[in-house]
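Engineer: For chain L, the structure is supplied; the task is to place chains S and H on it using the hints.
Top line first, the protein sequences correspond to chains L, S and H.
To convert, note that position 66 of the first sequence is 66 in our numbering; the numbers rise steadily by one, no gaps.
Take any residue in the second sequence, note its place counting from 1, add 1000, and you have its number in our numbering.
Take any residue in the third sequence, note its place counting from 1, add 2000, and you have its number in our numbering.
A portion of the hints provided could be inaccurate.
Covered by chain L, per the in silico footprint, the following chain S stretches (three or more residues, Cβ under 8 Å) [what the hints assert, rightly or not]:
| hint | segment |
| --- | --- |
| 1 | 1056–1063 |
| 2 | 1080–1088 |
| 3 | 1091–1101 |
| 4 | 1268–1274 |
Hints are computed from structural coordinates only; laboratory data are not their basis.
Just so you know, even glycine gets a beta-carbon here, dropped at the ideal spot from N, CA and C.
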Amino acid sequence: MSRIAGLRPRVGGLRPRAPGFVALGLGALALVTFPYWSRDWESSRYATTVLRDILVFAILALSLDLLMGYVGLPSLGHAAFFGAGAYAAAIASQRLETEALFVTLPAGVLVATLLALGIGLFAVRASGIFFLMLTLAFAQMVFSFAFQATDITGGSNGFAGVRRPELFGISFSAAEELYVLVAVSFLATAFVLWRITRSPYGRTLVAIRENERRMRALGYDTRAIKLSAFALAGALAGLAGALSAYSLRFVSANDAGIGTSITAFVMVLIGGAGTLAGPAVGAAVVILIERVLNSYIPFSQTVLGVVFVVFVLAARQGVVGAARTAWARARG
Amino acid sequence: MSPELAFLQALNGISFGALLFILAAGLSLIFGMMDVVNLAHGAFYMLGAYIALSVVRTTGSFWVALVAVPLALGALGLVVEPLLLRRLRGRHLDQVLITVGVALVITDLIRLKPDWGAEVRTLPPPDALAGSIAILGNDYPVYRLFVIAFGVTLALSLAALHRRSRAGALIRAGVDDAQMLSALGVDTDRLFAVTYAIGAALAGLAGVVAAPVLGLQPGMDVEALVLSLIVVVVGGLGTLGGAQVGAALVGPADTFGKVFVPQFALFFIFAIMALVLLLRPSGLLGRIRVIR
Amino acid sequence: MIDVRDLHRSFGGVTALDGVTLAVAEGERRAIIGPNGAGKTTLFNILTGELAPTGGTVRLAGEDVTGRRTFELARRGLARMYQRNELFDPLTARENVALALTAKAGPYRFGGIPADEARAADELLERVGLAGAGATPARALSHGQRRQLELAVALATAPRVLLLDEPTAGMSPAETARIAELIASLARSLTLLVVEHDMDVVFRLADRITVLHEGKVIADGTPAQVRGDTLVNEVYLGKVIAE
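This is chain L alone, in the form it adopts within the complex (with noise of 0.2 Å):
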């Protein structure tokens, strides 16, 4: 009923809209052809790898903010769930001697979601900086376990020559077809969550940041509101740390680690809370300055924690948010 109700609008507002939305497909589309349109100047596939990577972290770093800039939970503990989605798929391929997508991709993300109803049942009680340091230790456990224990995740060595999927045939084995695959992930994730902050359930994630007190006043269950969007965001982790387990090849502990989580939240933080384009953006920063400033000075690290305390102390909503608010500004 409420979904036959809920089109109307949605298909109104489409129209005046109409020419965005045209140009958001033709975007969409040169992105996830990529690879096929820039063969001619880049052959290595040294772009295609590195815009894949910033893809991957952008789904991580989407699914992050679901929970920082909607929900108001800000999560330092978020690799845990990307990292248990890596090593599922890469074991469900190995146990189960199988590249299908359809079943390693799935064991990542119900993994993913799994853990996250887990921790979440603890982590969702509080709420600020409280929050933030149970979700860090939590998923310490979490990357704990996967560095201790040897014989199902391959401990401090990793877990090598994990297998590219196929799906009906078609194989993700080759640069360009795994591009496709994560650049086609990357949109679902996108078009899902831009949904949801235009759903009756988004706009209640964002009233339980600004007065969850008021909520639970009102008749709403903000603790397990606060648990789904917290599984929610753990599945999309996990769909994120498959692809980079497919991507890559490997999966290491540093995956869960507080590494990774921390880059997350920076790219979270640069490119702007409470934005769908922000985290995407973010990744993007983050990815070059790590890979390509990396191969030109060794303290990429330094850089990186320079530009993060840069941008908590005088750019705190990002560069989606101010480009925003500049926006405004300059339309009077």
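Structural biologist: Same frame as chain L, but now just chains S and H:
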């Protein structure tokens, strides 16, 4: 496990708990006073251990390091607080985030210094404490007994300072309500800078004391940070007593966890943390505190 | 409708409620008065489940709801207009009301925002005198308007029992008259509990009045009975009128 072995493991546990107390006391102090979880605490601890390594290499004396490192870290704290945290007063979450940036820079610089990071280093205990003595027919390292004595002495003297001195009174009042202190004419800028410096110095001190036992390696910062977070979550944030109780519980629990379930020792203390959180969300000795 | 038996609550060593017993019939309008620190807000916090009592029981429409969580009580038809505004500041007035209107439909809806929702929200806004303010963010409203919005949000959950915590606090005489008028015009089937310091408003609205003093009920009766009670006059009303 034989009773003798159990006793020695208990000593190990208490010794580890003493270390955890030194570590967690600084974190707890900063939080109690400034409402900031100093996520650079692990990096301060790590930096303390590496500075100790350099001091011992040049002077040959562990005792010089034991004094110099807290001073150095305290000085660092006196720079970081006014330079970064003060600009964000009242924005606690942002203050926490900025300490993440500080940690990133410190650990990267440690990694880059050729005679420091990137690989495992060891720091031998001072000669006077290098041997072992016989306890219940087993050799037991003297240094670990020193750690226990050091930790307990520090706990007692901090408690005495906390209760008796003017600084202690300020801290107790500040933990209750820092704004009120400011209204009473206390220079809170100075108070917070000093608080942060003491917290950093304690982290550095823990780094020196721990180095002969735990060694120096990449990742030690995160391990120390997470352990001290667990300690203060279990004991209760922001109070000295909380750090004491948390350390006294987590130290032995971790040690015995490693004996009985070597693969999943961390799970064991996380289970304790989860249990405490379920039963007493503000920690065993925590006061109810609204964190926004 | 509300049946409170021997309610106790202490904070550390301080007793806030010391055996309060109180029964409010369906459709009744009950005022709860008393000096500051008498336990009125503690009582409200326990009724809404934001605070657990240290002893005693609370029944809502015959069901024992002692210790239930806030959202469960809200789903059973309990709404509260807070003393200090508890609004969603960056959201528009319409969205504030809509969140209350759709609470029963549940949060797990991922389609678009239904079109009829805005209409229903605007009707409620009009009813509390905020016609045309639908698109204004809550933080941009004046204090009086925010109180009106607060009332609209409370009403939007279609409650059976409405707790009003100092509805006229901080209002000008004109605004006070207006909100009192609004409250008086609510459906007679709605059970009202009002904590209020403005005695004109209290005596105008209430069917019965309960007087709290130091955590105890010292009087309970019709406005006329309470006005004539010497003890009440001694500890509370006398002072209020003298002021």
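Engineer: Indicate, hint by hint, whether the structure satisfies it.
Structural biologist: Here's how the hints hold up against the structure:
{"no.": "1", "hint": "1056–1063", "verdict": "violated (count 0)"}
{"no.": "2", "hint": "1080–1088", "verdict": "holds (count 3)"}
{"no.": "3", "hint": "1091–1101", "verdict": "holds (count 8)"}
{"no.": "4", "hint": "1268–1274", "verdict": "holds (count 3)"}
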